[in-house]
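Peer 1: Quick note, the sequences are listed as chains G and H, same order.
Sequential numbering from 0 applies to the first sequence in numbering that gives the first Met the number 0.
Sequential numbering from 0 applies to the second sequence in numbering that gives the first Met the number 0.
What the hints contain is simulated information worked out from the structure, not anything from laboratory work.
Wrong hints could be hidden among the right ones.
[As the list claims (entries may be wrong)] Derived lysine-lysine pairs resembling DSSO-like cross-links, with alpha carbons at most 27 Å apart: (1) K263(G) / K6(H); (2) K13(G) / K27(G); (3) K326(H) / K263(G).
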Amino acid sequence: MSAAEVLRVMGDGKSLEDRAVPEGLGEKDLLELFRWLVILRTFDERAVALQRQGRIGTYPLYWGEEGTQAGALYACQEGDWVFPTYRQNSIGILRGVPVATILGWIRGYGGPAGFYNPRDYRVAPICVPIATHLPHAVGLAWAAKIRNDGTASLAWFGDGATSEGDFHEAMNFASVFKVATVFFCVNNQWAISTPVTRQMATSTIAERAAAYNMPGIRVDGFDPIACWKATRDALERGRAGEGPTLIEAYCYRLGAHGTADDPKLYRDDAETERWRPLEPVGRMFAFLSRLGVLDESTAEGYQQEAKRMVADGVKQLESIEQPGQDVLFDYVYSSGPPWTFQEGLAELESMSRQPEVEPPTPSPGPNTGDVEFPREP
Amino acid sequence: MVEALNKALHEAMELDDRVVLLGEDVAKTGGVFRVTAGLLDKFGDARVVDTPLAESGIVGTAIGMSIYGLLPIVEIQFDAFVYPAFDQIIVHAARYAWRTNAELPATMVIRIPFGGGVRAPELHSDSPEAFFAHAPGLKVVCPTTPSDARDMLLAAIAHPDPVIFMEPKRIYRAGRQEVPEDSAVTLGSSNGAGAELLSTARVARAGEDLAIITYGATVPLCVEAAGVLERQRDIQARVVDLRSIYPLDVKAITSSAAACGRALVVHEAPRTAGMGAEISSLIHERVMLDLEAPVGRVTGFDVPFPQFANEEDYLPSVERIVAGANKVLDF
Ligand SMILES: Cc1ncc(C[n+]2csc(CCOP(=O)(O)OP(=O)(O)O)c2C)c(N)n1
Ligand SMILES: [Mg+2]
Chain G
0 MSAAEVLRVM GDGKSLEDRA VPEGLGEKDL LELFRWLVIL RTFDERAVAL
50 QRQGRIGTYP LYWGEEGTQA GALYACQEGD WVFPTYRQNS IGILRGVPVA
100 TILGWIRGYG GPAGFYNPRD YRVAPICVPI ATHLPHAVGL AWAAKIRNDG
150 TASLAWFGDG ATSEGDFHEA MNFASVFKVA TVFFCVNNQW AISTPVTRQM
200 ATSTIAERAA AYNMPGIRVD GFDPIACWKA TRDALERGRA GEGPTLIEAY
250 CYRLGAHGTA DDPKLYRDDA ETERWRPLEP VGRMFAFLSR LGVLDESTAE
300 GYQQEAKRMV ADGVKQLESI EQPGQDVLFD YVYSSGPPWT FQEGLAELES
350 MSRQPEVEPP TPSPGPNTGD VEFPREP
Chain H
0 MVEALNKALH EAMELDDRVV LLGEDVAKTG GVFRVTAGLL DKFGDARVVD
50 TPLAESGIVG TAIGMSIYGL LPIVEIQFDA FVYPAFDQII VHAARYAWRT
100 NAELPATMVI RIPFGGGVRA PELHSDSPEA FFAHAPGLKV VCPTTPSDAR
150 DMLLAAIAHP DPVIFMEPKR IYRAGRQEVP EDSAVTLGSS NGAGAELLST
200 ARVARAGEDL AIITYGATVP LCVEAAGVLE RQRDIQARVV DLRSIYPLDV
250 KAITSSAAAC GRALVVHEAP RTAGMGAEIS SLIHERVMLD LEAPVGRVTG
300 FDVPFPQFAN EEDYLPSVER IVAGANKVLD F
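Use the sequences and the hints to build the structure in full.
Peer 2: Pasting the structure below:
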């Protein structure tokens, strides 16, 4: 396959043909993968609604990218580690992280109300600074190689992230030490307002793998089965000692960058609408229906289950009290607080308690970034 | 303040075609805070550039442009995203003058919206100014009023040495103020009319009983706290807005402390090795005999900036500033 070719399994019921479901993905798997998509979609839509109601903070939605997340994760073994960014904010739920903890993080809660222990789930903390988690994924798989335990790692990142030095350093380390890391790049073609053509002069991201002597695979990012297939192959190579793989999941950012972003300022809605029919959830439903694997009522059941799961998480979130003042100090060191913390906390406790900070104004502002301003006085 | 900064950028780009603007999302949308709005349309995409997402690359190439003779202005999207560029700033921008017998400084302005209070996600609320104050070769400044913002930005662009231009984002939209047009500037020389703004403090509120020394988003809070002190105990606090974080206006600092006999330093950044430590040392070293009490500090805590639901617990409040002042007053 040439670098520019895009691996795809699911057709669109029109001009794009269906291809054979890859080996290793039985009917049960297909249904489970679809169920995961539904969970992610349900969480994402609910989170946007919660933000609009002013109940959580600025939210980086991923509507349309569910396949890049669920497909890749489904290919991993339980013991493999995954490294998400803000865009894969809720991937942890599929590994057992409580929905309320993810929502708590977006609600601006620290401590156990917003953070979890990554070792419990093999899901690294949600990474906000672009590309900085990529060397960690490499180090983890490298360590596993030193200990010869077969653990692999997978990190998601965006098209924009490929411009950062950390991306290149991570790719290089991974290939020099031949570690089992999957670099899963979600090329949604936008980094806030900056198009992918401004990030690189190559026509694909996959071809950058050549510089590190590793395979670069392009897949349809709206096709969870293709994402699964590419990831599964990459993990097998990695576990066989053949080193890392770069996967470019080619898709389109169908939503705003975040709930504070207004894409009308920098891109044409018509282009977004051209991509929208390829989105993974409806497309996989149709694909599995054509295969005779999935029917309406089963899909409906998944949806109800996902809705309940997220609703329970929301309820749990609302029952959580705002973390106390000690949350500022409690978790900075594992070895116990330095003396400065006691003085700080004493100073804080002698003050009247500040009211809980509410999430920012719940409407898309004129800003294009990921911060919404406090209402003007 | 956003309008004032925007205005300064328009003026500078109009005045001198060596001025170029680099950053993430600065051109097409005018930046996430809209500080660079309208510049692309007016000055074109060769001079107003949406760069690849790479802070080290942005600052590093800006240094190259500066060596050539352009006057680059870099926008770092948020405070904590300057860290990938730290290497270029410290090992090159800060040292180019030294390495070239002061003949070829890395003339540039690095604009950094900084600080908390805007209910942002992790790493969008840091106050990294002390790192830069600690690196010889950099000037570090921070305007608080729209008028200073405009004048200081123009002065920074005119300044030969690299300037870290800290913009307190919490008060970006506060206090609209007429910005004067008249002060003339010559870019690329140190003698712009506003040059002294880059090294001198401003008295934000007059008073003779207590000197409150601060900068950035805590300036208006200190002025408010001064009002409380006046009402509660008839104390007149002088609020000194530093404007320059490096070098410090040692005259303004020590003369205010000496005149009042008592001083309090306030900043949002963590306390340990923060600017408060330096300011307090200067006062104790130079005017200790004029003091009635040791210099006090009200600062952020030595912790990562918290998740936003708890940010008010972290940020120095008027109440904490008043309490800190009372401690110094009642010593
Ligand atoms: C080091 C760093 N610089 C800047 C930012 C601000 N920022 C947040 S998201 C983003 C765009 C990222 O684009 P991409 O990598 O394509 O991922 P996507 O958002 O499309 O998932 C930027 C510039 C950041 N979070 N970290
Ligand atoms: Mg992107």
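Peer 1: All hints, please: hold or fail.
Peer 2: Against the structure, the hints come out as follows:
1. K263(G) / K6(H): 24 Å, holds
2. K13(G) / K27(G): 26 Å, holds
3. K326(H) / K263(G): 53 Å, violated
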